[in-house]
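Residue numbers (this note's numbering), protein chains in the order written: chain A, 1 to 512; chain B, 1 to 721.
These aren't lab readings, by the way, just hints derived from the structure by calculation. Fair warning: there could be bad hints in the mix.
What the hints assert, rightly or not - Distance condition first, Cα-Cα at most 27 Å in a straight line; then the derived DSSO-like pairs of lysine-lysine:
| no. | chain 1 | residue 1 | chain 2 | residue 2 |
| --- | --- | --- | --- | --- |
| 1 | A | Lys326 | B | Lys448 |
| 2 | A | Lys317 | B | Lys463 |
| 3 | B | Lys104 | A | Lys436 |
| 4 | B | Lys266 | A | Lys430 |
| 5 | A | Lys317 | B | Lys455 |
| 6 | A | Lys176 | A | Lys44 |
| 7 | A | Lys326 | B | Lys455 |
| 8 | A | Lys227 | A | Lys252 |
| 9 | B | Lys309 | B | Lys251 |
| 10 | B | Lys113 | A | Lys488 |
| 11 | B | Lys373 | A | Lys342 |
| 12 | B | Lys104 | A | Lys493 |
| 13 | B | Lys266 | A | Lys425 |
| 14 | B | Lys424 | A | Lys342 |
| 15 | A | Lys344 | B | Lys373 |
| 16 | B | Lys309 | A | Lys121 |
| 17 | B | Lys92 | B | Lys104 |
| 18 | B | Lys424 | A | Lys326 |
| 19 | A | Lys344 | B | Lys314 |
| 20 | B | Lys104 | A | Lys488 |
| 21 | B | Lys455 | A | Lys268 |
| 22 | A | Lys493 | B | Lys113 |
| 23 | A | Lys488 | B | Lys25 |
| 24 | B | Lys425 | A | Lys326 |
| 25 | B | Lys92 | A | Lys397 |
| 26 | B | Lys104 | A | Lys419 |
| 27 | B | Lys425 | A | Lys268 |
| 28 | A | Lys252 | B | Lys74 |
| 29 | A | Lys342 | B | Lys314 |
| 30 | A | Lys397 | B | Lys74 |
| 31 | A | Lys317 | B | Lys424 |
| 32 | B | Lys251 | A | Lys149 |
| 33 | A | Lys121 | B | Lys373 |
| 34 | A | Lys397 | B | Lys251 |
| 35 | B | Lys481 | A | Lys326 |
These are the residues of each chain, in order.
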Amino acid sequence: MRVCFSSLLREFPESCAKFTMPVIVAVDTSLSMWRNVFEGEEKKTTRFDIAEECTNQILDNVTSKFKLESMAVLSCSSSVTVLSDFTRDCSMLKNSLKALKIGDKADFREFVNYLNHFVVKTWGRMQSCTVIVITDGGIVSVESLDALKNATTKNSLFEFPCNIHFLCIETLQTLKLSGSHYLLHEILKKNEDLGSVVPLLEAKTPEMGLPGMVAISIDKFLNNTLKTFETTLSCGNLSSRISIFPSPKAQKSINSSLETEVFTVEDKITIVGFLNISDIRNPPVLSRHLLLPITSTDVEDISTHPSFSVVLHGSLKMESKVALVKLATEWFGIIYSWADSKTKSNLVLSILPVGLNCIPWLGNFNQLAPASMLPESLSSKKPSIPSFPVQSKRFMKRSYSQPTVAWTRATGLQTDVQKILRSAKKLPEKSHVFYKDLNRLRRAALSFGFHDLLDGISALLERECTLLPGTAHPEATLQLSHAARELKSTINKGHEHTIEPLKTDFKFQGLK
Amino acid sequence: MSSFNLDHKTVFVLDHGPTLTESSKQNVDFDIFSKARPQGVVPLAPVSKSLWTCCMEALCEYSRVVWDIFPGEKFLRYVVSDSTSTFLNSWKHEEQSMSHLMTKLAGIGPPLKTSDCSVILGLVSAVAALCEATEIQQQTITEHPGHIIENSGRIVCITQLKNDSHRRSLEECVAEAMKQHNKLSESSGILKILSIEFVLVHVKSFGSDCEVTELRHVLPNHPSVTTEVHDVKATRHGIAIGNRMLNLLQKHYNLSVTSITGIPMKEEQHANSSANYDVLLMHERLTGTMDRAKIDVSDNELTSSMSLKWCTPKINVNELYHCTGAARISPVDVNSRPSLCLTNFLLNGRSVLLDHWQKSGDAGGGSGSSGSKNTHMISCCGSDIFLHALDVYRVPFEDPPSISDGPGGRVTDYRINDFTEIAKKAELLPIGHRLKSVGNEPINLSMKLLDRMSKQWPLVFSKTIVYNMKQAEPLLQVITKEIISDDEVVNCQRVIYHLISMEKDGTALPVSGSTTRGPNKHKREEQYKSMWNELEGLLRLHSTISTNHKQVLDCLLKCTGKESENGNEEKPQAKFRVSTKEEVFESPESPPPVKKMKNESEMAIRPSKGAQSILSMWQNHMDNQNSQFHVEFCGRLTSDSNKARLYPDIEDEVSQVQAASSQDKNDRSGMRRGGGSGGHRFGSFHRGSRQDQGKSGRSTPTSHMKQKAMKKMNKPYSPKT
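Looking at chain A on its own, in the form it has when it is part of the complex (with noise of 0.2 Å):
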């Protein structure tokens, strides 16, 4: 008997089905996983069994291929089941399953709402994840969809970028007869397309029997999804073929000439020009990767083979620099040390997000330039190159950086006449501070048509020119009394008018 594959494959569409660490496996246990592969058959094998041989498979597989991977082994039926969290033990792992036990009915919703938990209390709302799912096909129902659909609070299935891969233990044929083909995509359609459904079995049983014909198709499924992603990191002529763990994740944004684009790390990314890490002041990043220096197997020993990335490590590290990096067209990201603990430090890539301005303080990335292209006039004549942060000086200052009116709260008025009261008890010597604040509050009261104040404040002031003790200069009197009879009679001049202090003959001096 032949074995075709060609229905397999189609369900792979290269560019979505990309592996991203860590992985979680999830083993329906509901009711249905009892059923026999193929009733009447001597030996009996329930999709149970084929399930659990499949995790295996997997967990070897990814264990031994990414050393640095973590993996999670969950059951879910109407409730989820942490058999294992997150670890690189693979024996540890496998040793869980022996916990998998019978369940009740699946509830997709549920298995939904307790992975968005189980994720996020990990790895945070940014680290995207890969679920494998190994199920006969029956985890979504009708119902758990629609309560999904109507959950209108969330835009999104999960709550951190996921990959969901359903691995099913039945053909193509019985998966679209009974529907579940159907709901499977639809789960598919709200998580962006990011993931895949997988039919383990084929029509036809072949000679291998059951168990090698599921390996065959997680094989398969593995190869396609589970790839080291590899690239050439280059400087000037200098370069290094490198690989970016974890797999760095393809971005779905709008580019410069305002269309729709998916952006993915090109296969050889350069290093435009290096930046201190004083200066580019904690930049927001999209994920963050190891890079890890490859070299031809065929060197004899690869430790004594010199690497641009251990240079560069070494340099970026004794120097507080970040190097930045183009990524692909208009996008860039930021390669530095990195250490783990105080011995064992490291090249990591932060990923910035997609644009030629996403860090407002950068300003431009196509601006940057090193300082000796400045023309040497300018150089010479103009001090006073221009460094970071950018400012952003096309828009006016922020509310916090300037003197700002705000009264909502009377507190507020009430702050800023005091302060006219305290110059005003010190004057003439703070004659200057004085007028300076009552003009503030006179275009402040005239802003927001409060006349009533400005009649309220020359009170005030007259009220204190009767308070003024014995010692006050004589020119205090003056100026308050000059300064009430101002505030009242400058009302219809309009917001440009500025009181200014009355001239007088006292030549001051002080009050020694």
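Following the hints, position chain B against chain A.
Frame of chain A, contents of chain B only:
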């Protein structure tokens, strides 16, 4: 198609009619006493704010926060409506500011008392304003002709409604105006409006019972218009209106309200003690945290959905935090003392780490171990203060093997300091606007620079001789430049001449791993051979940059006996070209050709073993002496008169020629003795070094010598008299 969100444009319609002149019936005490009240003084009677004043104060607060958080991104316009309608500003960037708004508001003054006032005129103008493009929309239209702009907007009308049917007539008016304008947009160039959110803020004084139904609905006959009605009573000094507007603002722009708690502040009265204060901030929701707090629009003070505890500042500016999101902030109460304290502290360039402060065991954020981790940071970047969300979760690649355990990790002689020099030269600065004359994107200049500096760049010291030589440094510095001056060409040539004389003098090369004790002549020849090949390869790679670069290569080729090449006929085959052809020399007096060419395919040179024999020392000494006596300066031999011209290649440069000839006059004797083609200083230096050798009885290419060489090299090139 490019879409602009509904909140891209907001038009405020301000009722400037008699209803708002009404007092809010709420008084504000402006005459308060911070210290003890003087005896016999009665505080002045409080003043009452009109409804208009309350509304304008609230409006200014709304606008302030929008411009703080979305500078140049979100646009606000104001229409004052009485018997006519008047715009206070346009969509232009420079008219989107507090000072502009305040000035214009003062210009129109308090509301009119005439009875023919209506907001209808203002509403029609507001719809017309939404049809106009903002500067950002205009830019999109000009840069991408043919793109369809998705244009929507919000109209916020602050007025006093008579009843629900009054509301319906206003709704109808907006919908009708939109219909008419959209009809017009088909023939004229104005933008079509896709949808409008029409927010009616019904304000009334304290004690008024003029109630309207608060609702939010889509107009049944006009599905693209959504109406929302807010009924606000100006209670508590009118702050109810202010609060309602801030609540609306939070909803309109989907903002988070965060409280920074436990800010230590010195007390005014007691300078020694400090108390802790809280500051309420508004900001865009941070990515990476899911702030699910539902926004309820009420007249109450904003409540924070997140509390962040102040951690005593101690931030290493050279530490990079993994930040998942950053958002501009605006203090809710900008002039309060704690707010001012915080913002001034940050504006001075300091950053503060913050901890997520959870009152209860809410599962919303942080892993179990996040208790001690800093979840946020607040700092000033440029002119704006940003709140950063830091990643507190597990690193997907935690505990990775160190880079020193990976490929190339065990190599110990990386040229890290040299790479640092490259990194320093390619340090980026935001100077693009100063480089307008450059047709290229400024960032490409940086890439060109990196390309030039790394044309031939061995990763490790053991793979290079040239980069180990202090003597070659001036040339290496110059050759990577894009433009090299004629003076620099001369300096490069001088380096080459110096290297020639070094070879002649038998100076040992700083070959890594070599413990050359004594002048193993054969070994040294090989080393020089490698050095020349490396240098030639290097210069050849740069020779295509400019004619001056080519000149330096030509000089080298001449000196090593290879004819200068015309044009680019021969491209370098390998970085370290190993020439096997017989060297041809132009003058019989030139240094003798390298005698035996050992088959060397690699640059690696094995260290020579053992001390030199007395015979070889003697031979070496005699060779040197002899060479001093009988080698004539080739330049002189080929010249017509007794005068030799230095640097014949650059004779077109008058100044160069002058310099060369004057130097020639003064240094002739030195040259004769030195026998090389360099100046006398080089020669004398090498005599000195030979004396050293003579004393110690072995060649010592020590750093001491190198320093000495450098000292001499760095002296200004002016002949001694």
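Kindly indicate which numbered hints from before are broken by the structure, ordering the numbers from low to high.
-> Those not satisfied: there are none.
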